[in-house]
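Just need the whole structure built from these sequences, with the hints factored in.
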Amino acid sequence: MKTVNIMIVGVGGQGSLLASKLLGRVLLDAGYDVKVSEVHGMSQRGGSVVTYVRFGDRVASPIIDLGESDFILSFEKLEAARYAEYLSPNGRIIVNTQEIDPMPVIVGKAVYPSHVLNELECKDVTIDAIDALSLAEQAGTAKAVNVVLLGRLARSLPAVPKEAWLDAIRSSVKPKFVDVNLRAFELGFALD
Amino acid sequence: MKRLMIGNEAVARGLYEGGVTVVSSYPGTPSTEITEFLSEYRDIYTEWAPNEKVATEVAFGASLSGVRSATCMKHVGLNVAADPLFTLSYTGVNGGMVICVADDPAMHSSQNEQDSRHYAKAAKVPMLEPADSAECYAFAKEAFKISESFDTPVLFRLCTRIAHSQSVVETGERVVPAPIPYERKGEKFIMMPGNAKKRHPVVEERFAKLTAFAETTPLNRVEAGGKHVGIITSGTCYQYVREALGDEVSILKLGMVWPLPVELIKSFAASVERVVVIEELDGFIEDHCRNIGVKVDGKSIFSPVGEYSQSVIAAAFGVEPKPHVVLENPIPARPPMMCAGCPHRGMFYTLKKNGVTVLGDIGCYTLGAQPPLAAIDSTLCMGASVSGLHGFKCGLAATDRTMKTACVIGDSTFVHSGMTGLADVAYNGSNSIVVVLDNSITGMTGHQENPTTGYNIHGDPAGKIDLEALCRAMGIKRIRVVDPYDLAATDAAVKEELAADEPSVIISRRPCVLLKRVKTNPPLEVKVDLCRSCKKCLSLGCPAISFRDGHATVNDTLCTGCGVCAGLCPFHAIGDKEVKG
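So the sequence lines, in the order shown, correspond to chains S and A. Per the numbering used here, the first sequence starts with residue 1, numbered consecutively. Per the numbering used here, the second sequence starts with residue 1001, numbered consecutively.
These are calculated hints, taken from the structure and not from any lab test. Glycine included, C-beta positions come from ideal geometry on N, C-alpha and C. This list has only true hints and no planted wrong ones.
The calculated label-pair distances, taken between Cβ atoms and stated as ranges, are:
| hint | chain 1 | residue 1 | chain 2 | residue 2 | range |
| --- | --- | --- | --- | --- | --- |
| 1 | A | 1404 | S | 90 | 58 to 66 Å |
| 2 | S | 33 | A | 1427 | 57 to 65 Å |
| 3 | S | 104 | A | 1177 | 54 to 62 Å |
| 4 | S | 85 | A | 1178 | 51 to 59 Å |
| 5 | S | 104 | A | 1215 | 53 to 61 Å |
| 6 | A | 1328 | S | 134 | 26 to 34 Å |
And the structure:
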């Protein structure tokens, strides 16, 4: 099979490491070769963060290049636009519509491009925009945005059965957070 | 067991199974997790040392005692550890010894992108370089065997993409060799000239043996493919080559990057029409090929700057770039920044307000250089803020100039190598202001304990350096402690020390707001009717404050209630949330 590429992007501190951990785990359990590449350190401090997840029969490179990503899972609107050039022509962006101002916007040196998703749609980019923050709050915690988005992604990855995702959540998340994360996953998965 | 591991965890597992018994390291991205994962094996000794030189010497001592030891650091850490390294090459080891060093091409978290392979060549010690987590694991075990077989410390090179990429590893069992008995061998371990002169030829003989080993070891392998082009590569570049060129090329994949084989390279080159060396950073393998008379292309095609990828390599072989969307308008940058509630913010704001030229150092607080605070004038290396400031003052004094100056250095960095700079300040009596930003943790690398925090690598109570007493013992008379959340007190302290005519230390003390043991306050709010839109609060560069709909607003989920903005607002428009009821 052709290697499938997924990028997880967002703002440092939004929980992308847990998302990539869960994703890596279900893909490995499903029998694929998997590589996950992330950058720690400086970028954690509120900066733009990106994780590459690749799976297939045999994966060589741990990173994804311009025009190669089948999915971009974005935790924040501006970050979806920042990495849009990594999307393959048939790819899809799943984006949480939350806006988090970067420092140049906070200090008035730049304006937050609120309509940037429309601009991408005009260029025939497939955008799946969801209010994952509200759904996460509905599930019980704003911190579950990552799992809501994974639920949405899971619908588009028939390679992995739904039950495998639920198992991975049960075994990867601290016991007291399992229920809220299962609810968050279901809310993301159930979206039309 | 088969599972996904980042390279660093796989190195830790390999060292553990390989029988490592003592580990001493100083944290540094992207190497930190090796030691953190090792610390989870409670049947071995692990520690954070004050710096990489100390850590390497601890590993040396453990090796001398007859057990297998390791130390892990980032590339610039090896500069600090270079002194023991070069003579360790002469002494060799007793128990096996591995020095892990993680390079950071593209400088995700570093101040330069130096290529550590030059150390292996300069110190005449072997260096291994894995290309994925499975190799991290296997090579780490192999490193101990090489160390003991050839009586040498072994360098183990990683880069960010190997250290922080997860791939599949199948683990085994730990096997610990019996300790090698300690015997006094002065001619091997006392490196004074008479003995060292006899050891240098031993090093040269060892180098010849290691070169012979490089010819046949399975660490280096040929993957036969198309014969038009042969690629010599190693590490993460090997994966990019595989991805971009597949079986169209033949590959000589090197797992041991020093010493490099001679005959293996010559025979590989003879089997293909053209040889290209693909390696990030310097043309290290390329230079070796030229030296042995093999014609290759390398840095004439590929840049010595930054990281590569599959498309960088594909493009060099004429593959068109993949089509992708392009946005006309630039996307606002999102640089890393100091967290909401960061205790460093109050001190940086105060230094900037007082027009102080600030020599900075390495840590989270380097982010004080970012606008809007923009409060740092230089960052060089660990500890350079203190000694650099002393030199700056000497330069000013020698030419009859005066400026308001200070330096800032974190608690961990101060112990790492700021203390020696302070010794110079105290001894030579320069009128320097050393601000120790004491947030009670090594922050930027992800919260490691250090000798000032009172806890060890496991979080258990440990020795704790009394910074005030230490500075006093060095001869500094003016020592004061301020809480950087208290802007008025911080301002008063800075002004008084700027006016003093002798060295002083200001300890800006407040634990990192992200520490689990720190309790934060409820978020504050802006009283919209009181806000005059002066934007003074925005000058703090706090990610929790933004300006929307004509007034400042506080982000509930980010604000930690530190109160620095409330203390700054001239109209008292920021304060506790009013309880509605």
